[in-house]
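Protein chains in written order, with numbering that gives the first Met the number 0: chain A, 0 to 215; chain B, 0 to 153; chain C, 0 to 387; chain D, 0 to 360; chain E, 0 to 242.
The set of hints was computed from the structure by calculation and includes no laboratory data. Each hint should be verified, as a subset may be incorrect.
Cut-off 20 Å, straight-line C-alpha distance, at most; resulting in silico cross-link-like pairs (EDC-like, lysine to aspartate or glutamate) [as the list claims (entries may be wrong)]:
no.	chain 1	residue 1	chain 2	residue 2
1	C	Lys340	B	Asp20
2	A	Lys94	D	Glu84
3	E	Lys27	C	Glu205
4	D	Lys153	C	Glu27
5	C	Lys193	C	Asp160
6	C	Lys48	C	Glu361
7	B	Lys135	C	Asp160
8	E	Lys27	C	Glu73
9	B	Lys141	C	Glu73
10	B	Lys21	C	Asp341
11	B	Lys76	C	Glu254
12	C	Lys340	B	Glu63
13	B	Lys135	C	Glu10
14	B	Lys31	B	Asp99
15	C	Lys303	C	Glu113
16	B	Lys141	C	Glu317
17	E	Lys59	C	Glu207
18	D	Lys153	C	Glu52
19	B	Lys141	C	Glu69
20	C	Lys230	B	Asp20
21	C	Lys191	E	Asp62
22	C	Lys105	B	Asp142
23	B	Lys135	C	Asp341
24	E	Lys59	A	Glu148
25	E	Lys31	C	Asp338
26	A	Lys94	B	Asp131
27	E	Lys59	C	Asp160
28	B	Lys21	C	Asp338
29	B	Lys141	C	Asp338
30	C	Lys340	C	Glu73
31	B	Lys76	C	Glu229
32	E	Lys31	C	Glu229
33	C	Lys340	B	Asp23
34	D	Lys153	C	Glu56
35	C	Lys340	B	Asp142
36	D	Lys51	A	Glu67
37	E	Lys136	C	Glu164
38	D	Lys153	C	Asp9
39	C	Lys105	B	Asp20
40	B	Lys31	B	Glu63
Letter by letter, the chains look like this.
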Amino acid sequence: MGLITEKLPGIIEPVPGGSVLLSSMDAVINWARSNSLWPLTFGTSCCAIEVMMASGAARHDLARFGAEVTRPSPRQADLLVIAGTIVRKMAPRLKLLYEQMAEPRYVIATGSCAISGGPFIYNNYSTVRGADEIIPVDVYVPGCPPRPEGFFYGILQLQRLIREGESIRRPGERRKPVLAALPAGITLDQIQAELRELLESKAQVKLGASATAGRG
Amino acid sequence: MEANELISTVQSLEPAATLRDKVDRPAMSVPKESVPALMRRLRDEPALSFDMLCAHTAIDWHNENRIELVYQLYSTKHRHYLAVFVSLLRDMPVVTSVSDVWRIAEWQEREVYDMFGVLYRSHPDLRRILLDDDWKGFPLRKDYKDEFMLEAPK
Amino acid sequence: MSAITVTSLDERIRRSIGADGGASTTQEYFVNMGPQHPSTHGVLRLVLKLDGENVREVIPVLGYIHRGVEKMGEHLSYRQFVHLTDRLDYLSALANNWAVAKAVEKAANIETNERIETIRTIVAELQRIASHQLWWGVFGMDLGAFTPFLYGFRDREKISDILEETIGARLTMNYIQPGGVMFDIHPDFQRKVKEFLTYFRPKLEEYETLLTQNVIVQERMRGVGVLTAEKAVSMGATGPVLRASGVAHDLRRSEPYGVYAKAAFDVPVGRNGDCWDRYWVRIEEIRQSMRIIEQLIDNIPEGKHLVVKPAVRTKVPEGIHYSQVETARGIFGVMLVSDGKDVPYRIHVRTPNFNNLWTVTETAPGWRVADLVTIISSLDIVVPDIDR
Amino acid sequence: MSSWEVKTIAQRAAEAMPESVLAGAGYVLLAVGFAAAFMALMGMALIYAERKVAAHFQCRLGPMRVGPHGIFQTVADTIKLLFKEDIVPSQSDKLLHLFAPYLSMMATLLALLVLPMSPVVQIADMNIGVLYVTAVTGFGVLGVLLAGWSSNNKWSLLGAMRAGAQIISYEVSATMALLVVVMFSGSMQLSKIVESQAEGWWIWRAPVIGLVSFVIFLIASLAEISRTPFDLPEGESELTAGFHTEYSGLRFAMFFLAEFINMFIVAGMAATLFLGGWMPFHIGGFDTFNSVMDLLPPGAWFSLKSGLVVFLIMWFRWTFPRLRVDQLMKLEWKILLPIGFVNLFAAAASVVFGWYFFPIR
Amino acid sequence: MVVSESNQVVAPPIQRGGFFSNLATGLKSLLKGMGITFHYFSRPSTVVTQQYPENRATLKMFDRYRMRLSLPHDENGFHKCTACTICEQACPNSSIRIVSRKGAVTNKTELDRFIWRMDSCTFCNACVVACPFSCLKMSGDFECSVYDKSLLVFNLTRYAGPTSTVLMKVTDPQERAKMWEPRDVYSGPVPLRGTAVPGGGRTLGAPEPVKASAPVAAPTPAPATAPAASATALAVEEEGGKK
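Isolated chain A (complex conformation) (with noise of 0.2 Å):
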């Protein structure tokens, strides 16, 4: 972690009500991330004409959310928006990209193809189906590209989720806030197993597989 992280938590930790005094100083630090995201300068298809280029122009203004300083080195970026269909050629220069990014990074994947393969989901040779096979996804935009509102939606989430889940005692480590409406006596648990198994009966998509194959 950075220069000050490496040193402050552990001078902190054992005093007397440290927590009380760590978890303020989450909130403050986690209030700078979520409102200085710096996008990497990434887009490999149709979406980065939308998220990345129309998003952050005049009409949208991406400045909006102190994010309009995309950054061409990944060391710099704290956001790497996955915008774009992904190929197994690409696949391992993304995860390289990912690992060259300082902690704490955050990754949004925007538009069908980067969620789940998009159009490119069958009779496919070379298309990755999804980008969370390679590397995690903190938020995912849908829209095939997305608007841009749809993606400052995206990005007010991933706001949302740095604020309340992170600790700067466990970096890297989030929490996810899942989902609030559902109907009464249903949890997501049923809803997702059900579906799944349709699914994979019906479609030959292994759902679940790839949700947790980036987080090993």
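Since the structure of chain A is provided, determine the placement of chains B, C, D and E on it from the hints.
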């Protein structure tokens, strides 16, 4: 130049060339031995002057065990088209490169090699273009199978 | 018969070093530009052999966005394949759709009416303007001026709105279908297009003041990356790249499709084929597209917008069918190989960017890294279109 | 004409020292603290200003969501950068890699020391002030070169080499322009130069000469601090991020900060040398007007003038594209330098024959 | 084909003169460019930015904007889908799955679940255009970001059973209740910490919410969740381990 005239001119250059039917453009089938020489003449003959290779690709006729190369030629001078078809054996698809006739052929042939496994003799730099160097198989062949590929559900 | 050897990229690089290694006093070195690089417009990778700042050799390495569209096409019906062409050259999605639609209509003998063709022509030209606007902005950004990018996009949003209102999508349209267009035009369409034309004319003058007449821009483009007409033709370049080299080959003029025959427009051509000519040709094409739209927008005839029911899986007679359209980047061609079914036996798309890209191997050596960026930008490449 | 009493912090420290060591040390601490705090705050303010100004040049709004009109945007950025992982590439020259940003920062800090922001807010006032600033800002290139070299990245090295060539070349023209002012005012001491402009600012006091050397100075120092149109060392579209490609977190922030403070130093120097420093704006005999102008304190005048130059620099950045390496050199050696030379001779003639006009001060 | 070579415009060459004229034209061109940028800087009215989360209340999508597929249910809570699978066949990448069942009463094929994979959908509108009964609709709700992609699979129908035409023919409520059974509908994005995004809790462009207790005289079927508005309990789950 009208289509009939075009075809007869090409036939005068290469007697072995035959008309390829079911194509909505003037199209000739030529034997693979005549490829580089004929192509150069097609380019240099003033009445034809096919100076542009629009596209070069192949069709895998899996059942007939042959791969058919397609050269789509265009003349910016006379503004006419010609499609040249060359049949190759599917097991041993070897043909001579035309990259010294049209510059772009170098890369288009690399693509055809990458996708169909057609080997080009005297090609300056034959290697895969779109897929990784260590890719197994040639994906646009009809019998290409891959662990990665998924069949669409019916 | 000599043995045919297949090389690898490493070998290729080694060979290139060996070519004049030791002969020169300074050491040449290889640099990877891409796949993630701000000015390769996507995931293009260029292996550069540099001598200090000077480019000695450019080896494009493709395939970082090769999605196997042609293989997928063998499993999709013709109508379904249209939506994949959106994602090839996403800045000319409508023209790409049109190419497939045209091929299928010609092959299956589907007669479209005048209204369909007029709508197709107008929306395709609108998107050509939008594409050139985006290119203009990105070109400015590649030269280091950030503001043109914002201005280009500001005006592009107007076209996006017009198209979105009629089509329902901002980028991947899937609008032009075999046998018509997906929706009829929105009632406000004509009014908004006319509004846009009056809005955009003065803005184009601003573009000219901001970049075209700027002395730095002119000096960065003048004489840089000259592509002679002969080379351009031999490299199979099309579109503005070819026309900038002085070859006036424009499908809209030489083989009019749609209702281009009805509209009067000029074909802009360049003198030398340098970056300046390519720049100027595109700016002039915006003007000409506006001219075309102006002539057509008030004369959209009445009629149906779709002559084939969308649920029908069109069968195409056996044979090989071609069609070509002129997109913002050049000639987009489709070759359908049909065996009489409703799914093509083989489908090949000839994309303009594939050929245009390779001209960089001819034009860039001898120039500097900064010029390489200018040259690539002046080619206006879209990487998924190269890789397919 | 009221005369200003110039007293720098260094002088105060020297005066206080014999009486009480503590007071003297207090002044030194004050100076150090001032410089550090000034650097951090000014850097943040400038970055915010840059982003807002850029946004409005481009028909958009800029940071809006962190605080009212996004005024805490740079605060958030700073905190984030502070707590970001600090990567040192395994193949890099570690010592130099860690050291380079500090070097860059130090050069900036040293130049800040002599900037006369008001009669009383100046840390040190050397009698060779102009020379010192030229020397120290040239020193900053060392940090850039080291950063590029030690990163073990070809793009970084390219950027660093560009920076080296560029900064050393443009130093010549910048000095040429400074010499004109030194000639006019007959001193290299910055406070003396400011005082010498009581009769009129150098930018318009000597016919055209002052203006020309102002323009040359601005262009040359823009190149020295690598701002657009001379941002070749870090040209995004060409060299990814140039010499700081491999830097992350706090060390990257240092480069970033140094870049913006450098911009302020250039603006401050331009204001001091050509725009009368902290002198209020006076017009010849209009005493009422002049007394109204005197109401603003000198510090405000300085900020106003340097702010104006900063805006000008931003304006350039958001309008112009970047030059190419050879064009950059051509501009320096074939255009700026000849003009600078002619201008220098003209200035000498002007000083000898006393050709001063325009009593606008 | 004969094509006239006329109607061409040729690029003008860049004119260059001597040292001083170049300097003058160069400076002039730079100043003109600066004039353009300053024109926009000095006029705040030229700012075109739409501030998305803040303008949420007034933001309106175009009618035809395609984002979320829905199977509109009428005021009684019935839809028109016959499970003919034409949309499934039209879908280019199998994003639609029609699960049908044999009707208990009618003994005919009827819709059980309409499963739509938003994660792979390309919003190409092929299904909507192909539907012979016009029972599908694309709407402009773009706020769909999630933290888990399996939440992007939707079931669009609220009940398993025949179409509204068949159901409405049956007048007896008891008889009608036998013909259908409720299915879970879940949709909508993850709300932003209860308060939703600034600008109110309206779901943009979503089809008119149908009253939850839809089909006539029936035990409450799966409640149609009004997504962004109901954010009562925000379940924060520990998602294991280091990511």
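The hints, checked one at a time:
no., hint, result
1, Lys340(C) <-> Asp20(B), "holds (18 Å)"
2, Lys94(A) <-> Glu84(D), "holds (18 Å)"
3, Lys27(E) <-> Glu205(C), "holds (15 Å)"
4, Lys153(D) <-> Glu27(C), "holds (12 Å)"
5, Lys193(C) <-> Asp160(C), "holds (13 Å)"
6, Lys48(C) <-> Glu361(C), "holds (14 Å)"
7, Lys135(B) <-> Asp160(C), "violated (46 Å)"
8, Lys27(E) <-> Glu73(C), "violated (58 Å)"
9, Lys141(B) <-> Glu73(C), "holds (9 Å)"
10, Lys21(B) <-> Asp341(C), "holds (17 Å)"
11, Lys76(B) <-> Glu254(C), "holds (14 Å)"
12, Lys340(C) <-> Glu63(B), "holds (18 Å)"
13, Lys135(B) <-> Glu10(C), "holds (19 Å)"
14, Lys31(B) <-> Asp99(B), "holds (17 Å)"
15, Lys303(C) <-> Glu113(C), "holds (9 Å)"
16, Lys141(B) <-> Glu317(C), "holds (18 Å)"
17, Lys59(E) <-> Glu207(C), "violated (34 Å)"
18, Lys153(D) <-> Glu52(C), "holds (11 Å)"
19, Lys141(B) <-> Glu69(C), "holds (12 Å)"
20, Lys230(C) <-> Asp20(B), "violated (33 Å)"
21, Lys191(C) <-> Asp62(E), "holds (16 Å)"
22, Lys105(C) <-> Asp142(B), "violated (30 Å)"
23, Lys135(B) <-> Asp341(C), "violated (30 Å)"
24, Lys59(E) <-> Glu148(A), "holds (11 Å)"
25, Lys31(E) <-> Asp338(C), "violated (61 Å)"
26, Lys94(A) <-> Asp131(B), "holds (16 Å)"
27, Lys59(E) <-> Asp160(C), "holds (12 Å)"
28, Lys21(B) <-> Asp338(C), "holds (11 Å)"
29, Lys141(B) <-> Asp338(C), "holds (14 Å)"
30, Lys340(C) <-> Glu73(C), "holds (11 Å)"
31, Lys76(B) <-> Glu229(C), "holds (12 Å)"
32, Lys31(E) <-> Glu229(C), "violated (38 Å)"
33, Lys340(C) <-> Asp23(B), "holds (18 Å)"
34, Lys153(D) <-> Glu56(C), "holds (17 Å)"
35, Lys340(C) <-> Asp142(B), "holds (19 Å)"
36, Lys51(D) <-> Glu67(A), "holds (11 Å)"
37, Lys136(E) <-> Glu164(C), "holds (16 Å)"
38, Lys153(D) <-> Asp9(C), "holds (18 Å)"
39, Lys105(C) <-> Asp20(B), "holds (16 Å)"
40, Lys31(B) <-> Glu63(B), "holds (17 Å)"
When each numbered hint is compared with the structure, violations occur for hints 7, 8, 17, 20, 22, 23, 25 and 32.
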